[in-house]
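Asker: Chain by chain, the residues:
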Amino acid sequence: GAVVSQHPSWVICKSGTSVKIECRSLDFQATTMFWYRQFPKQSLMLMATSNEGSKATYEQGVEKDKFLINHASLTLSTLTVTSAHPEDSSFYICSARQAAKNTEAFFGQGTRLTVV
Amino acid sequence: AQKITQTQPGMFVQEKEAVTLDCTYDTSDPSYGLFWYKQPSSGEMIFLIYQGSYDQQNATEGRYSLNFQKARKSANLVISASQLGDSAMYFCAMSLLYTGRRALTFGSGTRLQVQP
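Chains as they are written, first to last, in my numbering: chain P, 1 to 116; chain F, 1 to 116.
Honestly, the hints are just simulated from the structure, not real lab data. A hint or two may mislead.
[Claimed, not checked] Partner residues aside, some chain P positions facing chain F, computed with beta carbon under 8 Å:
#1 34
#2 37
#3 39
#4 46
#5 91
#6 93
[What the hints assert, rightly or not] Not the full set, but computed from the structure, chain F residues with beta-carbon under 7 Å of chain P:
#7 33
#8 43
#9 44
#10 54
#11 102
#12 103
A virtual CB, placed ideally from N, CA and C, is assigned to each residue, including glycine.
Whenever a hint applies, use it, and build me the whole structure from the sequences.
Answerer: Given below as structure tokens:
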């Protein structure tokens, strides 16, 4: 089946620094990718929809200047957490879906971000 | 807007027995897909089963079956012959099929513990 690879799987960074998370679709072209955030013991919440070649669409309450999304190719989307603070510590997970297939939604392995 | 409700925060089941995890959904769109995912402690999202709103038959995938009751807007997951490895969080999710919003909306999840 289709595979989505996310890197890194975990990262620790200092407060005020930026962190980039990559999401790759390995064997299909993903014109759209999705970024979710999951706090401990909670569900996945959609942060933004990443569209290849255009600006991302952010969910209400998500700061677009803080969570920069770039989808420069059909197989790669990146999420950069800028000027990270401890409250940004969370589990970030990306997802990709093939355009013609409604029955599948593939997820990356997730990235556990800890800001100290 | 779509909404998924999972009313069971936690469930216990004896090994080798069957268990039903409840999921109800709400949408005014007639075209949608319903998903179940398993999330072990590692955080990865493991796809289990999919049901389309126009599918006539209930979906089955090995030990997993989806009890789809469209009139009641419910999509319960049935796991037969539970195994210790089934202990995890389980999320019900949905997306629309044709209106462009293909991100998944998740329920709050159910933590399943399989006891020997």
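Asker: Against each hint, give a clear statement of whether it holds in the structure.
Answerer: Going down the list of hints, with the structure as the test:
no.	hint	result
1	34	holds, 5 Å
2	37	violated, 12 Å
3	39	violated, 12 Å
4	46	holds, 5 Å
5	91	holds, 6 Å
6	93	holds, 7 Å
7	33	holds, 5 Å
8	43	holds, 4 Å
9	44	holds, 5 Å
10	54	violated, 10 Å
11	102	holds, 6 Å
12	103	holds, 5 Å
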